[in-house]
Amino acid sequence: MSTNFSLTSRVVRADQVTPLIKHFSFERVDGKPFGPFSAGSHVVIGMNDGTESHKNPYSLVGSSNNFMEYEIAVRLDSTGRGGSLFMHNNIEVGSEIEIGSPFNLFPVYKPAKKHLMIAGGVGITPFMAYIDEMNLMHSNFELHYSVRDFENGAFAKELQDKYPNQVKLYIQANDVMANFNEILDNQPLGTHVYVCGPHQMVADALRVADELGWPISSVHSEEFKAPDPGNPFTVTLAKSNREINVRSRESLLEALENANIEIPYSCRGGACGFCKTEVIDGEINHRDYFLTDAEKASGKCMMPCISRAQGDHLTLNL
Amino acid sequence: MTEEISGIKSKPVYNILQYDPKSRSNLLIAEDDGLIGLANLLSSSELIPSLTTNVMYSGSSIEKSNSKSYLSPDRYNKMSSFDSVDTLLLALPQALAKSQMGLRLYICGSEMFLWSVANIAKAAGMHKSEYNMQLIGSKARRVYCPHCEATSEGVTTDIHECEGCGLSLVNCDHFSREMGAYLGFRVDAEVHGEIPERQELYR
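Order-wise, the sequence lines are chains F and D. The working numbering puts the first residue of the first sequence at 1, with every later residue one more than the last. The working numbering puts the first residue of the second sequence at 1001, with every later residue one more than the last.
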C-alpha cells in the first residue's frame, strides 16, 4: 500500500515560481536515493503545523530519472484547510517533512502514437514529469496549457523556451482560451489525451473528446479534490467499540488517523479507492469519484478521505 | 451466426457488424464473402451519410467487377480493391497512418483475416473498442507453436505439423489476441512418437 514507507526528507530548494505556486525539491535526510517513480505519480507529504497534522498529495514534477531528489509544486489555497498555507509560509530550505511512497493514478500510455496533454493552472504539475520522460523517449507530444495570466503560469516560460513547437499557452487575461474542439479534432489515429486541471475544464475536455469519437481507453484525466469541510459528526467503530468525533474542517480519514486507526490510503482525494471502508449504519454524503453509483446507493461503503456523514452519525465496520 | 462456446474464455466470439454511433469516419475492410457483412452494415439506417466511409476489399469469390454494385454506391465514398489479401494488408498501415481519431474499423472475413487486420489496427495505436469484427468465411486457424515460436497458417485439423519445427501439434481453443493465434502444443509430449490420427475440424 502507499503508506508502506514514509521517508524523512529535507528541502534543498524552495522557489516561488508564481505568486501562488511554490516549487520544492527534497532529498532524503539519510542521503540515500529515493525509489524510482513513473511520470504522473503523486506522493503524500506529511507535515505538522503545530496544532494539526496534514497529509496532502502532490504530483511529482521532477525528472523520473533523478532518484536523488523529489520535486513538487504547491499552489497556495488560502481558504483551504491549511496544508498549502503551511508549505508556503513555513517550509523553507532545510525544513524536514515526511514523504510517502509514490503512487501513479495517471500513468503515460507508452504505446500511444502521440501524447496530447491539456493542462489548466496547477494541473500542469504531472505533465512536468511527463514531458521530461517523453522528451527522453523522443515521443510525439503536444501540451496545451491554460493559465490565468503569464505571471501565474507555473513553468510556462521554461516550457515555452524549451519546447516552442510542442507547447501552446492560452493566457486567459489576453482572452486566449483553449478550444477543445480545435485541439481534439483531426488528431492522428493512436493519439492519447491526458487532461489535468479544474473540474469544469476536465469535464469539458472529456465531453468534447467523446463527441469527437475518442474511445474512453484513449482519454485520461486526473483531478485532485481537497476534502471540503462539512458538518461535524460522530462515528461508532463497531469492531473496536470506539466512538470518535469528526470536526467540521477535518476529513473522516484524518479523524480516524488521529485516533491511531490505520487505513490504507493514497490520493486522499476520492480517486484511488485505497481507503474504501465498510459502513454498517448511517446515511453517507458521497463526494468521491471512485465508487460506482450502485455502490454509493447501497450505502454499505464509503471513501473516508473525502466523504462524510449526511446526518450526525455513522457506524463503520472498523 | 451463432458461435459455439468452447468454455475457454479466450476463444473469440464474433457477432454481426454493428455500427458505432460515436464514429466520425468509417473504414470497412473485407475479403471474399465478407463483403456480405459490409453490404448489410452499409444498408443500416444508423450510418450517417455525411461521414466519410471508405471500403478496402480483396476478393475472389465475388467477382470484383460486381463488388461495387454489390455495395450501394451512395453509401460510401471510396472503394479500394486489391488483388490479394497480402496487398490489402500492405496498404492498410498507410491508410491508417493518414487517419484521425474518431475512425472506426469494420472488418469482415475469415478468422485469420480478421486478426491480421486487427493486429495492424493495434500497431497503428487503435484500441479494440475502435474496431468491430464479423466472421464470414474460413475458420482455418493460425496456430502458435510454443516449442519453436513459429506460427502455422490455415490449420483446419485438430493435429498438424508445425511449419517451423515439424512437431505434431494439437491446437486448442486458447487464443492470444496479442498474436492473433491459437495455442498449439506437442501432441506426443508424454510419449514421443504416439500421434493420433488427425481429423478435420473446420474449413
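Misleading hints may appear alongside valid ones.
As the list claims (entries may be wrong) - Straight-line Cα separation of at most 20 Å, SDA-like style, residue types lysine to any residue; simulated pairs:
#, chain 1, residue 1, chain 2, residue 2
1, F, Lys113, D, Ala1123
2, F, Lys157, F, Met177
3, D, Lys1122, D, Val1085
4, D, Lys1122, F, Lys55
5, F, Lys113, D, Val1085
6, D, Lys1128, F, Lys55
7, F, Lys55, F, Ile263
Claimed, not checked - Just some of the chain F residues that point at chain D, by a computed CB distance under 8 Å:
#, residue
8, Gly82
9, Leu85
10, Gly190
11, Ser221
12, His313
Unchecked claim - Computed footprint of chain D on chain F, listed as stretches where at least three residues anywhere in the stretch have a Cβ under 8 Å from a Cβ of chain D:
#, region
13, 202–216
14, 248–256
Please keep in mind that the hints were generated in silico from the structure rather than gathered at the bench. We put the CB at the ideal spot given by N, CA and C, even for glycine.
Hint check results:
no.	hint	result
1	F:Lys113 - D:Ala1123	holds (9 Å)
2	F:Lys157 - F:Met177	holds (18 Å)
3	D:Lys1122 - D:Val1085	holds (18 Å)
4	D:Lys1122 - F:Lys55	violated (41 Å)
5	F:Lys113 - D:Val1085	violated (26 Å)
6	D:Lys1128 - F:Lys55	violated (40 Å)
7	F:Lys55 - F:Ile263	holds (13 Å)
8	Gly82	violated (43 Å)
9	Leu85	violated (42 Å)
10	Gly190	holds (2 Å)
11	Ser221	violated (16 Å)
12	His313	violated (44 Å)
13	202–216	holds (count 6)
14	248–256	violated (count 0)
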